[in-house]
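Position one of the sequence shown corresponds to residue 1 (UniProt numbering), numbered consecutively onward.
It should be emphasised that the hints constitute simulated quantities derived from the structure, not laboratory data.
In this text, all values refer to a predicted model and were calculated from it rather than measured experimentally.
Honestly, I wouldn't trust all of these hints.
Here are the simulated DSBU-like pairs of lysine-lysine, each with C-alpha atoms no more than 30 Å apart in a straight line [unchecked claim]:
| hint | residue 1 | residue 2 |
| --- | --- | --- |
| 1 | Lys150 | Lys3 |
| 2 | Lys49 | Lys89 |
| 3 | Lys137 | Lys167 |
| 4 | Lys49 | Lys167 |
| 5 | Lys167 | Lys150 |
| 6 | Lys155 | Lys137 |
| 7 | Lys39 | Lys3 |
| 8 | Lys65 | Lys137 |
| 9 | Lys168 | Lys89 |
| 10 | Lys65 | Lys167 |
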Amino acid sequence: MRKLILNIALSLDGCIEGPNGEFDWCFTDQDYGMTEFLKQIDTLLMGRKSYEILTTTSTDPFPGKEMIVFSRRLRNLQPPARLHQGNLKHTVTQLKIQTGKDIWLFGGADIAGQCLDLGLVDEMQLAVHPLFIGNGKSLFQSLHRHSRWKLSEIKRFDTGLIQLFYKKDQ
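Generate the whole structure from the sequences, applying the supplied hints.
Written out as structure tokens, the structure is:
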């Protein structure tokens, strides 16, 4: 069965974007394992805001990967993205039983919170940047459900960034 993996960058104070939606604080000086991660997945799952930000520079930012966008507002997407407006739990459950590689829960905070609340996320890979954003958007602001996770791995980088790998505690 495929896994739904939340792989996301965040600050020490848990923010995934600045107060104006900016991501300029994310470290881009090295790969930080993204090349290997991209080999592990064949599908990206995201919300409207993440899709709009991701496609400002390219309609196909991850060639060869399926992009599924959940939105009630969007009506038209640029191929290869597909729009889903139905039941999130049903759609993700169906995706997980299909043959293929793992699924990247790309973001943002709203869809990540919904997937976590529904118990759909199997693993989290959190790239914690050594800085505070302050009034940014918190990754976990919309959580309503208690869940337990097991730390499976830690990667440290000379920049101070750490990657925390968690698996859902069954």
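Check your understanding: If you check each hint against the structure, which ones fail?
Key -> Of the numbered hints, all hold.
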